[in-house]
Structures are given as structure tokens and as C-alpha cells.
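*Asks:* Sequence:
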Amino acid sequence: MNKSNSDTPVKFKPDYKWPKEGTEIICPKKNEPLQLQKDLPHYYGKPWWCHHCQWQFTSEDLKSKDFCQLK
Numbered sequence: 014m015n016k017s018n019s020d021t022p023v024k025f026k027p028d029y030k031w032p033k034e035g036t037e038i039i040c041p042k043k044n045e046p047l048q049l050q051k052d053l054p055h056y057y058g059k060p061w062w063c064h065h066c067q068w069q070f071t072s073e074d075l076k077s078k079d080f081c082q083l084k
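Numbering-wise (our numbering), the sequence shown opens with residue 14 and increments by one.
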């Protein structure tokens, strides 16, 4: 019997690194502040939300050259 996939637990909440509360970052594309989400047990998204791009980001995403290059 093959148990390789059935015994592996599924992780629903990724281990994103949350910045300190009060941290502020500006969207380089829209020059607007990003919203820092609260790190709640029932929240499964990424820490940063750009209202104008309608997208979530991690701190690593923000360091990327293609940050906010959404069409």
C-alpha cells in the first residue's frame, strides 16, 4: 500500500515573516502606502496589501525587481 501522500499533513498557513507593527512601506508603482495586515491565526494571506494593485506581498516580494508589475 502506498502511503506517501495520504500520511503527509497539509499546511494551510504559510510561515510568512511579519514586519513589526507600525512598519510603513510605499508601493513603488503607485506611490501609495501599503496596508500591513494583522498576523491573526485565521488569516492565511501575505503581510502586505496594495489597495491599488489589488495584490498581497511578502517582504521578500517587496525586494524583488518586478514588485507591483501587475497588468
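Since the hints were derived computationally from the structure, they do not count as laboratory data.
A hint or two may mislead.
For lysine-lysine, the following DSS-like pairs were computed, each having C-alpha atoms within a straight-line distance of at most 25 Å [unchecked claim]:
id, residue 1, residue 2
1, Lys59, Lys76
2, Lys42, Lys78
3, Lys78, Lys30
4, Lys26, Lys43
5, Lys26, Lys76
6, Lys30, Lys42
7, Lys33, Lys76
8, Lys42, Lys76
9, Lys33, Lys59
10, Lys24, Lys42
11, Lys59, Lys30
12, Lys59, Lys24
13, Lys59, Lys26
*Asks:* Does each hint fit the structure? Answer for all of them.
*Replies:* Here's how the hints hold up against the structure:
{"no.": "1", "hint": "Lys59 with Lys76", "result": "holds, 14 Å"}
{"no.": "2", "hint": "Lys42 with Lys78", "result": "holds, 11 Å"}
{"no.": "3", "hint": "Lys78 with Lys30", "result": "holds, 19 Å"}
{"no.": "4", "hint": "Lys26 with Lys43", "result": "violated, 29 Å"}
{"no.": "5", "hint": "Lys26 with Lys76", "result": "holds, 22 Å"}
{"no.": "6", "hint": "Lys30 with Lys42", "result": "holds, 23 Å"}
{"no.": "7", "hint": "Lys33 with Lys76", "result": "holds, 17 Å"}
{"no.": "8", "hint": "Lys42 with Lys76", "result": "holds, 13 Å"}
{"no.": "9", "hint": "Lys33 with Lys59", "result": "holds, 14 Å"}
{"no.": "10", "hint": "Lys24 with Lys42", "result": "violated, 32 Å"}
{"no.": "11", "hint": "Lys59 with Lys30", "result": "holds, 9 Å"}
{"no.": "12", "hint": "Lys59 with Lys24", "result": "holds, 15 Å"}
{"no.": "13", "hint": "Lys59 with Lys26", "result": "holds, 10 Å"}
The earlier numbered hints that this structure contradicts are 4, 10.
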